[in-house]
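Asker: Sequence:
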Amino acid sequence: MLPALVIERLPRLTRAIQQLASHPDDDAAYALADELTGITAMVAEKFTNDRTAEGIQKALLLTVGGVSLGLEHVLGDDTDLAGLEYLIEHGAEHAFQQGFRLVKELSAMPQDALVGEYDTDPLYAARRLRDLFVELCQTDPNQNWNGMERYQVMLKQRKEVQAVVRLANWLRRHNSEGAVTDTDLNAEGVIALAVIFAVEGGGRIVARTGQKEFERFVKAVRKNKPDFEQGWAALLAVVPAQHHPVLVERIDNYRRSCSVLQNITGRTAMKTLFAELENYAGSELDADYA
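Residue numbers for the sequence shown follow the numbering used here, beginning at 2 and rising by one.
Honestly, the hints are just simulated from the structure, not real lab data. Each hint can be trusted.
Cut-off 27 Å, straight-line C-alpha distance, at most; resulting in silico cross-link-like pairs (DSSO-like, lysine-lysine):
(1) Lys59 to Lys105
(2) Lys213 to Lys272
(3) Lys272 to Lys224
(4) Lys224 to Lys213
(5) Lys160 to Lys105
(6) Lys47 to Lys105
(7) Lys272 to Lys226
(8) Lys226 to Lys213
(9) Lys272 to Lys220
Note that this is a predicted model, so its numbers are computed, not measured.
Please model the complete structure; the sequences and the hints are all you need to start from.
Answerer: Printed below as a string of structure tokens:
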């Protein structure tokens, strides 16, 4: 068996600079070196440590990744020569700013559906940005690099989480008993409550509830035997279309696997049902009485 071929894929900045060998331009080379030195100094001052050799070396690696990410974003599948031409025309700092902007926008997106007060804290936000910058952009100029691929995976994941959080925030603002304004948010819990309570029908939005209201709801479902599908259709009718992909997915999931909905029409004890609801709603339940 032949050994698998290892395809070399150096950082986009390295590949662009290598083009100087076949397209020599002394002025461009000096200008590019000067710019990269300046970017490295700025990164060392702001993100690593400009007083130690280790800090400056780490800043250099971050500069390579930051510029490469910017070049990948701007040029896509264009040639390495196009990368060199872009650096000569627009400058390495412009490419670095393009890459850093991607990291900054990504760091502002939620990582998971549990959002707390610390997520909007400026100090935490700055630390999160720094950590993500290091994770994505710390790059050896002479080794294979897949920073753009990792960025795209993270972006896809965070967009999915952001869609969940946005739906939950909409449901909170339109909670039928009044807007829910807590800083902490369990987005999946909010959506679970909305989907479960929707089966009663009428298009009511429940984003926060307690044990008393849940008991009323269970008794009403057992007495009236509503059509769950009609209830979900009524919920979809009042929720804006941009939130439908997430909501439809959650409805389908709960239709198939939600133990509360599977047991609500039977003889399962109220205490057991509420304990099951806690598994779905978590911190979005009010403790109105034990």
